[in-house]
Every structure is written in C-alpha cells, then in structure tokens.
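Read top to bottom, the protein sequences are chains P and G.
Here the first sequence is numbered in our numbering, starting from 245 and rising by one per residue.
Here the second sequence is numbered in our numbering, starting from 28 and rising by one per residue.
Source of the hints: derived by calculation from the structure; they are not laboratory data.
In this text, a Cβ means the ideal position worked out from N, Cα and C, and glycines have one as well.
Certain hints may be false.
Claimed, not checked - Computed from the model, here is a short list of chain G residues facing chain P with C-beta under 10 Å:
| no. | residue |
| --- | --- |
| 1 | Leu35 |
| 2 | Ser131 |
| 3 | Ala136 |
| 4 | Lys281 |
| 5 | Lys285 |
Unchecked claim - Heads up, incomplete: computed chain P residues facing chain G, CB under 10 Å, no partners named:
| no. | residue |
| --- | --- |
| 6 | Met245 |
| 7 | Tyr257 |
| 8 | Glu305 |
| 9 | Gln316 |
| 10 | His321 |
| 11 | Gly334 |
| 12 | Leu347 |
| 13 | Asp351 |
| 14 | Cys352 |
| 15 | Arg354 |
| 16 | Ile476 |
| 17 | Glu477 |
| 18 | Leu509 |
As the list claims (entries may be wrong) - Derived PhoX-like pairs (lysine-lysine); straight-line CA-CA distance at most 20 Å:
| no. | chain 1 | residue 1 | chain 2 | residue 2 |
| --- | --- | --- | --- | --- |
| 19 | G | Lys39 | P | Lys338 |
| 20 | G | Lys281 | G | Lys210 |
| 21 | G | Lys258 | G | Lys127 |
| 22 | P | Lys259 | P | Lys450 |
| 23 | G | Lys127 | P | Lys315 |
| 24 | G | Lys285 | P | Lys315 |
| 25 | G | Lys39 | P | Lys349 |
| 26 | G | Lys32 | P | Lys350 |
| 27 | P | Lys466 | P | Lys486 |
| 28 | G | Lys285 | P | Lys342 |
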Amino acid sequence: MQAIKINQLTKFYGKSRGISRLDLSVEKGEFFGFIGPNGAGKSTTIRTLLGLISPTSGSAEIFGKDIVREKQSVLRHIGYLPSEAIFYPGMRVKDILKLSADLRKKDCSREAKELCERLQLDISRRADDLSFGNRKKVAIVCALQSDPDLLILDEPTGGLDPLMQREFFAILKERNQKGTTVFFSSHVLSEVQRNCTRAAIIRDGKIIACDSVEVLAQTSAKRVTIHGKAEIEGLDGIRDIKYAEESFSFLYSGDMNRLLRTLSLGRIDDLTVTEPDLEEVFLHYYEKEDDRV
Amino acid sequence: MTLVKHELRQGKTSFWIWTACVGFLLSVCIFLFPEMKGQMEDIGDLFASMGSFAEAFGMDRLNFGTLVGFYAVECGNILGLGGAFFASLCAVGMLSKEEKDRTSEFLLAHPVSRVRIITEKLVAVFLQITAMNLVVYALSVCSIAAIGEEIPWKEISLMHLAYYLLQIELAGICFGVSAFLNKGSAGVGLGIAVTAYFLNLIANVADVANFLKYVTPFGYCEGADIVANGKIDGAMVAVGIFLCLFGIAAAYIKYARKDIR
Chain P
245 MQAIKINQLT KFYGKSRGIS RLDLSVEKGE FFGFIGPNGA GKSTTIRTLL GLISPTSGSA
305 EIFGKDIVRE KQSVLRHIGY LPSEAIFYPG MRVKDILKLS ADLRKKDCSR EAKELCERLQ
365 LDISRRADDL SFGNRKKVAI VCALQSDPDL LILDEPTGGL DPLMQREFFA ILKERNQKGT
425 TVFFSSHVLS EVQRNCTRAA IIRDGKIIAC DSVEVLAQTS AKRVTIHGKA EIEGLDGIRD
485 IKYAEESFSF LYSGDMNRLL RTLSLGRIDD LTVTEPDLEE VFLHYYEKED DRV
Chain G
28 MTLVKHELRQ GKTSFWIWTA CVGFLLSVCI FLFPEMKGQM EDIGDLFASM GSFAEAFGMD
88 RLNFGTLVGF YAVECGNILG LGGAFFASLC AVGMLSKEEK DRTSEFLLAH PVSRVRIITE
148 KLVAVFLQIT AMNLVVYALS VCSIAAIGEE IPWKEISLMH LAYYLLQIEL AGICFGVSAF
208 LNKGSAGVGL GIAVTAYFLN LIANVADVAN FLKYVTPFGY CEGADIVANG KIDGAMVAVG
268 IFLCLFGIAA AYIKYARKDI R
C-alpha cells in the first residue's frame, strides 16, 4: 500500500509557482528522503499534504485517503515536525505535549515520558525559555508521541547537536522498523544518504529524479583523486576540480582510456576512483541540462 | 472543548486586566456619586447650555441628580468603551494570531477540523465577554448597594444587557475580520470599536445622520433612550444581530478555505 500518492499536484501562490504537476509515491514502511534547496517546493508539497494550503490542481492521497476531502482522517495518521518549532507563549513543555495529545484525543503520556527521557528534555520548563534545539525536541516529541503511521519531517535536525541527532535518527529507525513510514525533507544530503532507502530530488517545483539512494548516487561520473602531477587540461568531461595540499580531485565522465593515457604521461604517486557522494549527485541534478556531467 | 480551555488560558491575563480596569473605574464612579449628587442640579443646567456636546453624550435628556442618570452617562461610557475595546481586541486576534505568531502549523497539523477550530475559538471569545460582564455587573450592583442607594434593577440590568449585546456584536464583526488577517490585528480591532463609538456621537448631534444609530451598536446602548423607554430598541438590536452573524459567517467561510502561510 502507498503511504503517499501524489498525482499531478500543482500549487500556485497567485502567479508565482509553488509546485507544478508533481508526481510522487511513497510506499508504506519506507524511509523516504525529499531533497531540494530552499524555494524548490519542499515545504509547499508538505503544507499541501497537511491541508494547510489547498492545491491549485491535482490530487494527493495518504493511505488511500484524499487529502482535501478526508483531511481530518488523513491528519490522524500523520505526525508532523515543522522546520521551525514555534509554540504558544507562556506554556510549559508538559502543557504543550498535553495540548497536542488532547487535540488528537489520545493519552500519550507514557510515550511522551519515554521520548523526553531519551531526548533529555525537561518538561517543566517554559517553551519560551528553551534554546532553538530544545524547542525542536519539543516538536519532535509532539510529532512522535501519538505513534503515527506516517512521519512528515521538514528539515528535522536543525538546531540539534550531533549526539541528539544520533539519538533522533535511532528513534526514527526504530519506528521505521516497526512499520512507520518516514517522509524526510532535507537539504543535508549526508543525512538522506545515511538514513533513507529512497529519495526524490525536487527542483523548481518539479521532481527531477526519484529512485533508491544507491541508484541516485550512481551517475556516469566518478570522483578521481590524484596524488602527484598530471596535465589534465584538454580532457573532456572534467568538472568540479578540487585542489588539496598534495593532491587534487575532479569529477570525470569522459572516456576512461583517454584519462589513463593522459595520466600515464604525468608522475602519479597514488590514484583513487570512487563513486561521487550524494552531495555531488545533488549538484549534478541542479546543473543546467547542457552542463550536466 | 480542548481549544476553548486553551484559549481561555491564553487570554487569562488580558481578561483579568480588562475586567479589573473596567470594574475598578465603574466602582470608583459609583462611589463618587454621593459626593457629586448635591452639585448635580448646577451641573445639569451647565450641560443643558452645552448644546451639541451634551446631545452627543445624551446628557441633555438625563437627570444627573439621579443615580440612573449619572450611571447612564458616566458608567455607560466606561463600560461602553472599555467593553468594546476588550471584545474587539479579543475577537480580532483570535484567528489571525495563529498566523501572526506562527503557531498555525502546530495547531492545524492536528486532526482537528477548521470548523471546530473556529467554533471553539468563537465560544472562547463569547465566554470571556460573558464572564467579564457578569463580574462587572456584580461589582456595579455591589458598589451601588455599598453607597446606600436603592438599586434601580431594571435600568441597570437593561443598560448592562445593551452593552453586553454591543460587545457580542463587535466581537462577531471583529471575529469575521480576524479570518482575513494574518498580521497585526490590534489596530483593526480598536479602529472598529472607536469608529462605532464616534458614529453614535455623530448620530446624536446631527439629525441627518440619525440612521447611523442602526449601523453602530452604540445606538441601542444610549442610556437616555433606555431609561426613557424602559427597553432596548429591538430594531437596532436586530440589525446588530444580523451584522454579528454576518461577521461570524464570514469567519467560517473564509477560514475554512484559507491558505495558511
């Protein structure tokens, strides 16, 4: 069963584009990454799924339910972590968690207690007095405490220190193993690469690639790192050259035999050829069509 | 009723400040009455010679030497303006504050329908207004009893009822306006209350603008008319109820479909 099925979803804010004819599907139980820079349409997609904004055209379903016609029922399945954790003024953490649980008509006290302990969150403090990272923890507990079937996380790790990020992803993985679908929006590609099974890349409101993380990372380009000296000028298919103290590297998508012949004319101490990481793939997808590797 | 309780908690400080201020000023005014009672005949003559100014506040038709006359003008203005400001501020921020304070993502990502959100917030507005009026009414009656005057139950109750209806009407209108706003709303709320107040003053001064009494809720709160007729003008109240319902309907129609930024 598909947890999320988006069909030709379009949202315009007046004349400006939010998302355009977006198609996407996420299977139940997936840990899905949604990658794109600011303004690409990630938040518009998420806000449309949550019913905060109405689609201009197209449709979307969550667990087979239409997001417009059955919004309330859809929201019962979703735990949402917004990119900015903002709460009502003057409220203590425990009151915020209780309000969130009451709005879901659920007793989440046991789950909330366990999550707060794992994330080291003091529930007696006022949310106004908390740091950005601690407010984020409150939002995480709000999203997770009702044990939802689908977690929609918008830039979830901003403000969390590395130890907390590790704990957070450990919790997410546990939930995912129990069957929770995770829809994870981020521009921190290493997070997506480490945690997600599949990912989609959004650009200018459109999905430009959607596949398993491994496949997305496989392009014809390789990262070539050379220790020593070699004249590579004149070779076609070279881009993103990086110079280090005793080495240099570049992405290469040209003829490998020609590269080896060129390198053999130089003085090479060491040579490595690796797959590019997702960060490089991401940049690759954001190149203009005629500049692509 | 989760949201009703939440809104009542959120509005607690504002509620007690406004209730205390209006209640305190009303009581002070009532406690001044025995001292001013003896001087009122002269003051009455003075008001009578003030022409349009006295007409604007209905002072030309009221006897300041009686508690009812004094209460209708002095206390009426305090309750009228204070209550109108509180009701307008409370209602105009009720929906818009979620976007202004950026808490809408938190609230609307929960499985609660927009209709339920609007309804519970509206109930919270009306509960606060009702509670404020009950406290202020009780304080007024107790203050009158404390100065040893006989309580003019009918007139006092009618005046308080009129001001309660005024606040409900303004709250309904401002609640509707709130659905259209997503930034600061206090200025709009105060603007609506002040405009309504001045429309009544204009209607009192100029006969050609008498129709404005049907537009502003202050029209049916005129103490001189209530005391003279022993009732609140039903036609004006009916127009007020219509405007109030119009505002509430606008809130439901707009907010249920609104794109939340």
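Cut-off 10 Å, beta-carbon criterion: hint that Leu347 of chain P touches chain G: Holds: closest Cβ of chain G sits about 4 Å from Leu347 of chain P, inside 10 Å.
Interface hint outcome for Glu305 of chain P [beta carbon to chain G under 10 Å]: 16 Å, violated
Hint check: 10 Å Cβ-Cβ cutoff, Arg354 of chain P to chain G: 19 Å, violated
Restraint status (C-alpha distance of Lys281 of chain G to Lys210 of chain G at most 20 Å): Status holds; Cα separation ~16 Å.
Lys285 of chain G paired with Lys315 of chain P [C-alpha distance capped at 20 Å]: 14 Å, holds
Hint check: 10 Å Cβ-Cβ cutoff, Ser131 of chain G to chain P: 7 Å, holds
Interface hint compliance - Gln316 of chain P to chain G, C-beta minimum distance less than 10 Å: 5 Å, holds
Agreement of hint His321 of chain P with chain G interface, Cβ distance less than 10 Å: 9 Å, holds
Agreement of Lys285 of chain G and Lys342 of chain P with the hint, judged by alpha carbon distance not exceeding 20 Å: 27 Å, violated
Hint validity - Asp351 of chain P Cβ closer than 10 Å to any chain G Cβ: 13 Å, violated
Hinted contact Leu35 of chain G with chain P - closest CB pair below 10 Å: 13 Å, violated
Restraint status (C-alpha distance of Lys466 of chain P to Lys486 of chain P at most 20 Å): It holds: about 14 Å lies between the C-alpha atoms, which stays within 20 Å.
Going down the numbered hints, you'll see the structure goes against 1, 4, 6, 8, 13, 14, 15, 16, 17, 18, 21, 23, 25 and 28, while the others check out.
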